[in-house]
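Protein chains in written order, with the numbering used here: chain H, 559 to 1447; chain V, 3 to 111.
Hints were generated in silico from the structure; no laboratory data involved. All C-beta atoms in this analysis are idealised placements derived from N, C-alpha and C, irrespective of residue type, glycine included. One should not assume that every hint holds.
Label pairs and their in silico Cβ distance ranges [unchecked claim]:
hint: 1; chain 1: V; residue 1: 37; chain 2: H; residue 2: 562; range: 45 to 51 Å
hint: 2; chain 1: V; residue 1: 71; chain 2: H; residue 2: 606; range: 19 to 25 Å
hint: 3; chain 1: V; residue 1: 85; chain 2: H; residue 2: 641; range: 54 to 60 Å
hint: 4; chain 1: H; residue 1: 944; chain 2: V; residue 2: 71; range: 26 to 32 Å
hint: 5; chain 1: V; residue 1: 73; chain 2: H; residue 2: 606; range: 20 to 26 Å
hint: 6; chain 1: H; residue 1: 606; chain 2: V; residue 2: 85; range: 23 to 29 Å
hint: 7; chain 1: H; residue 1: 577; chain 2: V; residue 2: 71; range: 18 to 24 Å
hint: 8; chain 1: V; residue 1: 73; chain 2: H; residue 2: 565; range: 37 to 43 Å
Below are the SDA-like pairs computed for lysine to any residue, each with C-alpha atoms no more than 20 Å apart in a straight line [said to hold, decoys possible]:
hint: 9; chain 1: V; residue 1: 65; chain 2: H; residue 2: 582
hint: 10; chain 1: V; residue 1: 65; chain 2: H; residue 2: 571
hint: 11; chain 1: V; residue 1: 65; chain 2: H; residue 2: 576
hint: 12; chain 1: V; residue 1: 65; chain 2: H; residue 2: 570
hint: 13; chain 1: V; residue 1: 61; chain 2: H; residue 2: 615
hint: 14; chain 1: V; residue 1: 65; chain 2: H; residue 2: 1222
hint: 15; chain 1: H; residue 1: 684; chain 2: H; residue 2: 1222
hint: 16; chain 1: V; residue 1: 61; chain 2: H; residue 2: 611
hint: 17; chain 1: V; residue 1: 61; chain 2: H; residue 2: 572
hint: 18; chain 1: V; residue 1: 61; chain 2: H; residue 2: 561
hint: 19; chain 1: V; residue 1: 61; chain 2: H; residue 2: 571
hint: 20; chain 1: V; residue 1: 61; chain 2: H; residue 2: 1222
Counterexamples of contact, computed for chain H against chain V with all Cβ distances above 10 Å [what the hints assert, rightly or not]:
hint: 21; residue: 762
hint: 22; residue: 970
hint: 23; residue: 1127
hint: 24; residue: 1221
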Amino acid sequence: MRIVGEWFRRLAFLLRRRAVEDELRREMESHRAMMDEPRAFGNTLRLRDEARDAWGWRWLDELAQDIRFAWRTLRRSPGFTLTAILTLAFGIGVNIGMFRLVNGLLLRPLYERPEEVIAVSSRSTKPDGDFRGVSYPNYVDLREGTTSVFADLSAASDLFVGLDVGEGPRRTRAWAVTANYFDVFGVPLALGRAFSPDEERPGANIRVAIISHRLWQQRKAGATIIGQTVRVNGEPFTITGVAAEGFSGTSTPGPELWLPLGAHDTLNSEPASATRGLSARDVHELTVVGRVRAGVPVESAAPAVATVARRLEQSFPDVNAGYTFEASEPMRLLFMPGARGGAFTLLALTLMIMPVTVLLVACLNLADLLLARGHVRRQELAIRSSLGGGRWRITRQLLTESLLLAFAGGAAGLVLSSWAIEALMTSLGPLLPAAVNLPAIDLDWRVLAGTVGFCVAASLVFGAWPAWTLTGRAVVADLKRHVGDQGRQPGGIRIGNALVIGQVALSVLLLVTGGLFLMSAITAVTADPGFSLDGGVVAQIDPGLAGYDQARGRQVQTALVDRLRTTPGVEAASIGSGFPFTSGDSRLVAPVGGADAESRSVDSVFTVTGRDFARVLGLSLLTGRDFTDAETLPGSERVAIIDDALAQRLWPGTNALGQLIQFLDEETPDARPPLRVIGIIPALKHSINNPRPFPHVYVPLGQQYSSAMLLHVRGRGKEAERALLGTVARVIRETDPRVPILGLETWRDHLDNTIDVLLLRVAAQIFSTFGIIALLLAVIGVYGVKSYVVSRRTREFGIRIAAGAHPRLLLWHVLREGSRTTAIGIGIGLVLALGAGQVLQGMLYGIKSVEPLVLAGAPLILFTASLLASFLPALRATRVDPTIALRSE
Amino acid sequence: MPRDTGLPPGTLMMVVLRVLMRQPLHGYAIAQTIRQRSRDELSVEEGSLYPALQKLLLKGWVKASWRESESGRQVREYRITASGRRQLDDEMAEYRRMSSAIDVLLKEA
Chain H
559 MRIVGEWFRR LAFLLRRRAV EDELRREMES HRAMMDEPRA FGNTLRLRDE ARDAWGWRWL
619 DELAQDIRFA WRTLRRSPGF TLTAILTLAF GIGVNIGMFR LVNGLLLRPL YERPEEVIAV
679 SSRSTKPDGD FRGVSYPNYV DLREGTTSVF ADLSAASDLF VGLDVGEGPR RTRAWAVTAN
739 YFDVFGVPLA LGRAFSPDEE RPGANIRVAI ISHRLWQQRK AGATIIGQTV RVNGEPFTIT
799 GVAAEGFSGT STPGPELWLP LGAHDTLNSE PASATRGLSA RDVHELTVVG RVRAGVPVES
859 AAPAVATVAR RLEQSFPDVN AGYTFEASEP MRLLFMPGAR GGAFTLLALT LMIMPVTVLL
919 VACLNLADLL LARGHVRRQE LAIRSSLGGG RWRITRQLLT ESLLLAFAGG AAGLVLSSWA
979 IEALMTSLGP LLPAAVNLPA IDLDWRVLAG TVGFCVAASL VFGAWPAWTL TGRAVVADLK
1039 RHVGDQGRQP GGIRIGNALV IGQVALSVLL LVTGGLFLMS AITAVTADPG FSLDGGVVAQ
1099 IDPGLAGYDQ ARGRQVQTAL VDRLRTTPGV EAASIGSGFP FTSGDSRLVA PVGGADAESR
1159 SVDSVFTVTG RDFARVLGLS LLTGRDFTDA ETLPGSERVA IIDDALAQRL WPGTNALGQL
1219 IQFLDEETPD ARPPLRVIGI IPALKHSINN PRPFPHVYVP LGQQYSSAML LHVRGRGKEA
1279 ERALLGTVAR VIRETDPRVP ILGLETWRDH LDNTIDVLLL RVAAQIFSTF GIIALLLAVI
1339 GVYGVKSYVV SRRTREFGIR IAAGAHPRLL LWHVLREGSR TTAIGIGIGL VLALGAGQVL
1399 QGMLYGIKSV EPLVLAGAPL ILFTASLLAS FLPALRATRV DPTIALRSE
Chain V
3 MPRDTGLPPG TLMMVVLRVL MRQPLHGYAI AQTIRQRSRD ELSVEEGSLY PALQKLLLKG
63 WVKASWRESE SGRQVREYRI TASGRRQLDD EMAEYRRMSS AIDVLLKEA
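Kindly generate the complete structure, drawing on both the sequences and the hints.
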């Protein structure tokens, strides 16, 4: 209580400072007037100062003083200030940018009190048991059996749907959710209402939808959005609500649309749930997330759900035997399943390494500049020190200057980072598989705290050492002597060279890593997939999104391929569930018969195709025959085409034609009817990360229906590609205008846009950008130090010239000195880069981490750049006028 | 000529509180009183007195108010507060305890 009162009075003093000051003055005057000997009263100004110190605000006064002084000093040298702020803006800006991304994707909680929210998953009790989804009846039993633990337990299913908000259908992610879904997260809807239990009931098919905040803003409809309709898979859905801004459920990126669980069955084109529906106990489609009741320990969730699991095992052994429920933290990154807790921190740290390295380069740079400037300012510092400024006091003043610079740089960096993120998001937007609801990357306290942290850390790194060094010199000597040392190499220069070496080394490191990723990206894009890409065009269609059932979908797919085959300019056309060389479906393929059949299974890429699939890729059958049109209809004979990679693995040395295969993925042997191999085609590579041919198996359209398919069309040569794009679009529209075209591009573009190539490209882009920024900073640093060195040695150069040294010799002398520093830096940088290459090896494609081109190229660029940077100062050295130089000191 | 006391700041604050116990006084009067009551043994310089008074204000042990003196001059008068009295009691008790302990020690040694 006492302390509180004291602080209260202390603050009151601060607020009415002028009045108190005035009171003190009057009081002292009256005191003085009463004295017999008024002159004995001391210096009133000093006395007032001392009296005021009792209130403990002296540090604030000094800080204000320091800031005012720093402001004046910096304003007097605008060139230095601008350079410093720009350097810092880059250095801090990239850090804030990356940190904002990391914060949005990984750190910032997606909802209130995240520790209470728990995911429940169904898992086999076998060792290393597989996870499966949860069926709706199991979920209901789980919900009802755990009401004492969970305040709300919700279920949801992730879907891809065709969404049409009036601009034609496009593929997007939607979550079908239970009525209590939004309650779990404690984030109220921005508008409208959540779903009702009636709408949740499987099979209810009440067509209502909640849209994302972003979608709502794009439509610019205000509150009238409620009651409007959007088309989902061709059917009108009434909008009943708008999710809160940035809401994305448990994971990021979030969906654009939430639908009631009751509408799930009609929206999902997967055959299993389409025929049986969510109400079946063995359709395990849902993910379950709940919030633990307030006051109930989070740990009690695991035993509670396990108890329900045991009860379910007994009541429904045919479905639930051998499965239990597990409680865990919900998954956050959709594109990185399994990343939780510690792995997140690691990922966040890894992502921050690069920008922090750039900031380090920027700091070294500034330390250079400050040291150089400090030596020029030594007279000023000496005077201040001789007037009674303690070392600590002067150091503090210099640090204030650094801090001011850092905050100015940080503010500029904050603006810079906003642009950078905008640019990054815009460039990432079209690359994402569907329009997704990215997390809000805006400012929050973490970003602001991070910015302040970066600024303070930076100013300490670049400011503390120079400040301490500069204030520690023998001041008297500095006062007497004019600026400029004679005989010895000045300490500032030696330190400056060390800083340049550090900068160059770090720049080499960043440039080399950037180069490695750049080369990976180039190699990946130019990689040979095993077939010719020339003249190929691919269109992505999904009749299911127009609301077509299987029968009509098949009809449309067949009609489209037939029309394309007869279109002029088309050499071959086919249809397939996947694109070669990109990740896709896979199956465990094993021969039928023989005791060891199962152990000989081979993991193969699985593609559903029509006739002519090999032909459209420009491959010829090695042996056997292609599928017939009859085999692309349901109920036809079960046949398959495999490639020679699979044939050799399954039947080495013997003819695979006519053999029987089965897919081991189906759990029961009844569900694995054998397929007869009728043809063998050349193997294709499967992924850019694996240059070896990968086993493939192809089954005809008749055996499995998939609504989302790719139409492959090949025209005559590369030149025809562009024209063919228009032709294919026209043919699809003419055949059935309701079928949405979800993508239409050349094969080459399609491959360039696959996620693997994309990641490489993003990495190459980011690393190169960081490398270039570091290079720039290093060049500025080299230039700064060289200029400083030359200016400090003006006198020496003057003497040399007076003694008859040839200007060219002098130029050579300065350049050679600069080269030595750079060379040492490059040497250290190369060692670092080799180490980094080892670490990054797994992320590179098609090249070794020791890549001569990169290892030679990056240093060459740096060396040339730093040579150029020292050229100007060197030139200045040759132009020193000996008479002026000698007189100047 | 009285010597400058060089009293430690804490002790000076106690002395000032003690002087204010009898009646409210302004700064000059405080200095005078200390001097007279110590029979010219102790004097307090303005350089020590005013910081001490500010400290007492900060601690809330005294309150200050402006008043017109008998000579018609505006003076700032300090008045001890309840918590100032408590503080003085505590410190006096502590001081007596310490000084008697030291007394005993000095006599025995």
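Exercise for review: May I ask which of the numbered hints given earlier this structure violates, with the numbers listed in increasing order?
Suggested key: 1, 4, 14, 20
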